[in-house]
Amino acid sequence: LDNINAGVLRRYQNYNGPEGNSKTSQQSRDELGIENSASTSLPDGEDINRDNNMTQSDEYFQYKISMRPGDLEVGQNFVTDKVVSQVKLANGQTQNATWYQIRIPLAQYQQKVGGIQDFKSIRFIRMFMTNFADTAVLRFAKIQLVRGEWRQYNAKNQAINVIADPSLLPAPPDGSTIEVATVNIEENGKRSPIPYVIPPGIERERDFSNYRGDTRQNEQSLAVIIKDLKDGYGRAAFKTAINDFRSYKRLEMYIHLETVGEVTIADSHLSAFLRIGTDNQDNYYEYNQPLKVTQPGTSDPYAIWPDQNKMDIQLELFQKAKTARNNARTTGGLPWPINVPFTYSDGRNTIIVKGQPDMSKVRVYMLGLKNPLRNLASPAGDDGLPKSAQVWFNELRLTEFDERGGWAATARMNAKLADFADLNISGSKSTIGFGSLEKKVSERNRTDNEFFDVSSSIELGKFLPQKTGIKIPMYISYSKQILTPQFDPRTPDIELKNALNASNRAQKDSILNFAQDYTTRSSINFTNVRKERAADDTKTHLWDIENFNVTYAQTKFAHRDFINETSIQHTYKASLGYNYAGSPKSYQPFDKIIKSNTLRLLKDFNFTLMPKSINFRVDVDRFYAENTLRNNDPNNYIPINTTFNKNFLVSRIYGIAWDLTNSLSLDFDATNYSIIDEPEGRINGLKRDTLWQNLKTLGRTTDYSHNLNIRYTLPINKIPGLDWVTVAATYGTNFNWQTEPLSTLRDPNINLGNTIQNSRTIQVNPTLNFISLYNKFGFIKRSANSTDTVRKFSDALIGLLTSIRNVNVAFTQTKGTFIPGYLPKTRYFGIDNTGAPGLGFVFGSQDDIRERALINGWLTTDELQTQLYINTLREDFQLTSTLEPLKDFKVTLSATKNRTLNYSTNFRYDNSIKNFRDLSPTTTGDYSVSIITLGTAFKDKNGSKVSSLFNQFMANRQVVSNRLGNENPNSNGTTGGYADGYDKNSQDVIISSFIAAYTGKNAGTARLSSLPKIPLPNWRIAYGGLSKIPFVANRFSELSLRHGYRSTYSVNGFNSLLKYQENNGYVSARDVTQNFLPLYQFAQVSISEQFAPLIGIDTRLKNNLTANFEINKTRIMALSLSNAQLAQLSENNLVFGLGYRTTKFRFPFGWFSQLKMDNNMDFKLDVAVRDNKTVIYRADIAEAEVSSGAKNITLRPSVDYVLNQRFNIKLFYDSNITKPYTSQSFNTSFSSFGFSLRVTLN
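If you read the sequence shown in my numbering, its first letter stands for residue 83, the second for the next number, and so on.
Since the hints were derived computationally from the structure, they do not count as laboratory data. From a predicted model like this one, the values you see are computed outputs, not experimental measurements. A portion of the hints provided could be inaccurate.
Stated by the list, open to error - Across the chosen pairs, the derived CB separations fall in these ranges:
hint : residue 1 : residue 2 : range
1    : I1258     : S1091     : 41 to 47 angstroms
2    : L250      : T412      : 16 to 22 angstroms
3    : K402      : N714      : 56 to 62 angstroms
4    : T322      : I198      : 58 to 64 angstroms
5    : I1258     : N1134     : 16 to 22 angstroms
6    : A500      : K613      : 50 to 56 angstroms
7    : N789      : L731      : 20 to 26 angstroms
8    : R205      : R1252     : 27 to 33 angstroms
9    : P721      : K374      : 56 to 62 angstroms
Here a beta-carbon is modelled for each residue, glycine too, at the ideal position from N, C-alpha and C.
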């Protein structure tokens, strides 16, 4: 084609569409001899729209356009405009080229094929030509979908939606047609017979998306073409929106009118109308304005957009029209019906009001033409004939803000009345139109706000003699808030002041009652009323009045507004408290009898007869609320019932603390919550008696709980020779009883029962202080204080033998039980009158009481009870020890082990067997233990794709499999080198092989356990003795070395298997692959190892220069048991920090170089290099895959300078460079620098 200089038409002559135009490079070379002939980068073939869906049904709308020259006329065949231009041809001649604007309404399709219903899912557009007798070339300048906010109103011309003069209603359809389109300057600027021009005073906006900014946006108008509009009828277009007109004063619009067809139209024979409201037919304002007709052939903007046609509406007229309608009367003297259109005159224009339109919530706009009904009394001005015309609407806009301002004021007074009271009075007021500077006009106040508040704190005890010690603090307050809206809530676009002006006094009060938002609050509190103990009264007794305190509080809230006729809330709170805190005497009966420390265990025996503290409190809380909604619907005569919200609660709290001996203490506290059941509705008459009866019994218990903690320090340290040993033990219990829901409690056919649960915590903390033990040996004590250089060797040897300084052990075990469907109530300490559930359970016993509960009928037999019976167990073990084999050389060892087990079962009654049974018992849990994986920490290169450890892990599987098979008599022989029931994918085989490989142990001798039982120690090492070497001490004030190692084996979320079975003590159940089932199924196990740091150095030089250096290494191996896939995160960190501080810094240059300011200057430099990589190793696959990771370097120098006490300046630079190992992210480099100035204001 290039060789023959083919033109555009020739090149596209054989273009086949999507197929055959995306050839590969090889296809292009074979067929065309060129490298690339593809027309698109998309693959060649089906699914051109790339939606991965093959559509086989023919369902579409079809539109037909006749391309015959005689049919291409404006006004028919969808042709809306044409432009004829002179085109210079290649031979130098000129020729007319005609471009047609074709606009096809989507609803005017020729036919509908298939079952397509609407335009919600259009995925294809296809164009084809038919019945051409000769070659034709069609050129398309632009094909596009035109978005239209404006739609035809009553497009099907239905009688129910006809727009007609009220005297004609109900009116039949008039047979007119309507078309909604757009006209614009770019496409219709040469339109005939009247071109489109921009209205006078309007400028086209610049299109700044063009880099030069010299192009203009296309300016356009809404065009409505109406044909055969009968006398008295109207047609229109509409759109929906949400707007608030109340902040504006005017509504403006340009209108153009021209004749369609041969029949001419005289001025004022057609009227434009604008309808706004909440809907199209029943609630709207309508503005009608006669129009002047533009004659054909003119291009004058003032003739096309005459001033007489400019619609300029003062929005206040709509309010006046509605007010006039509301005050109007029919000929019979009745109020004007709101569903009948009411006409209000504005000179030659008219306003129509119907229903209750609201300019604060304009939802619908309608623009159209009316052919006014001929007035038979004076018919000269109207011919009464049908009209056809085209009208343009442009620049519909709101103008002139309502800029009425407002004011606001606040006043406050605080007064102190001698030493017995404080008085606070405050008030504020803000009027309509007030707003802060940054608020828009529409965001300013639309209410008059009035607020008043007075409060006082009074100590009434000041009015009693001081020696009584009585304190009666009282707080009282009252506040009132009134919000008066700008607009009447019944008609939100009519100002309230206008509604009040048109009413008498009684009506004004009624209007304000529902229009205002009126709120009052009042409260009175007596808090902690008490008698204080006299200064000379040092003794405390259980019966002292000073132990008691009383509180009473009451608040009232009342509110009304347009929605709520009345809304009241009352809260009452009363409290009686008792607190005894004494210093009971401790008795030691053998203290004076036994003098020898050998019998110290007996000598120090002691006891206390009185508790250390006793407290109880009774709280009564009542909440009462009534709410009555207004009936704002004039057509609704059904009264709205008052709703009530009530809550009456009683809580009782008890507590006692008793040091039975100096080493044995007891704490007990209990809380009982109950509810006073109230009759429904307002409380009066017999209902009040019922309420008092329920209150006397302190209500119905809904929740009871107590806690008991016993702490005991074992007297081992009182045994001779064991004073270096301390053992502390704690026994803690918790019990809780909760009632069933009220909805089921009141249903006689449902008996779900209550719930009880308990927990028991046992904690043991032995501590071994070896320093106290060593001091018992005289030669060790003398060695610690010796300065004789001759004894240095022996001292060093003794120091090595006595390097263990202390050992601390912490063991905590927590067990708990949850039992649903429990029928008995609670009386004392959670026990009912029959002794259920027993003292053992309420004080922490973990014995299974279900069998006993069944015998005594404590559990419900309702099959609707589906809550689970649950047992929980958590064990935490931690051992720490400090060693100091050399002076200033400290080693801290730590070992940890954590285990969690949760057993749950659906223990419920089965009506088919008339008994209880366990359904789906399941055990879940977590496990972690400290281990040592140091032997393999440096075996593989960081993030290596070929891992010798992983290969060893794979090789260990066969060894472990045979060991497991030999231990289990239910395993029969081997297959492929693996024992029966333990192939290479068996969970037991994989986990044991994994642990052996990464702990560096021999798989043939290592312990075969998925949960290692013995925790191994991790460590932290610190050495600070280098700074005492003379050469180092002369240069460094501090030089220390650090090292830390931590490794943990974790199992996150394991669960038991229902099919697990044992035979002769060994597992016998198998899975679908014939592997033996494990006791617990694991999803993932992991090993986390950290050198934090591998080596760390902290230094401080004599010149205040500080530096620190760290190398950290992290390795995390997460093994997935579902596919034997290992994800290993390896990370190496290098951190370097440098700091320097001087207190006599001076600027070396510039204006400040002469200033002698001894201010602080801090310099910091932080450098970090981080290399992390995550590698995925898969079983039986030679090479691994890098899934994520990156190298990262950060550099952060900064200088911080203190100018003075108020000003501090900081210069900083931050650089961050990241180079990823995968293509999931790009190489990135970020740098930032700058300064900050901090000002401190005191």
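**Cβ distance range 41 to 47 angstroms for I1258 and S1091, holds or violated** = violated (27 angstroms)
**Request:** With respect to the beta-carbon atoms only, verify the hint that R205 and R1252 lie 27 to 33 angstroms apart.
**Result:** violated (49 angstroms)
**Asked** Is the hinted range of 58 to 64 angstroms satisfied by the C-beta distance from T322 to I198?
**Response** violated (25 angstroms)
**Prompt:** Is 16 to 22 angstroms a correct range for the gap between the Cβ atoms of L250 and T412?
**Reply:** holds (20 angstroms)
**Asked** Holds or violated: 50 to 56 angstroms for the Cβ distance of A500 and K613?
**Response** violated (22 angstroms)
**Request:** Using the beta carbons of N789 and L731, state whether their distance is inside 20 to 26 angstroms or not.
**Result:** Distance hint for N789, L731 holds at roughly 21 angstroms.
**Message:** The hint says 56 to 62 angstroms between K402 and N714; measuring C-beta to C-beta, is that right?
**Reply:** Since K402 and N714 have Cβ atoms about 24 angstroms apart, the given range 56 to 62 angstroms is violated.
**Request:** Kindly confirm whether 56 to 62 angstroms is satisfied by the beta carbon distance between P721 and K374.
**Result:** holds (57 angstroms)
**Message:** Holds or violated: the 16 to 22 angstroms window for the beta-carbon distance between I1258 and N1134?
**Reply:** Given range 16 to 22 angstroms: holds, Cβ gap about 19 angstroms.
Hint check: violations occur at hints 1, 3, 4, 6 and 8; the rest are consistent with the structure.
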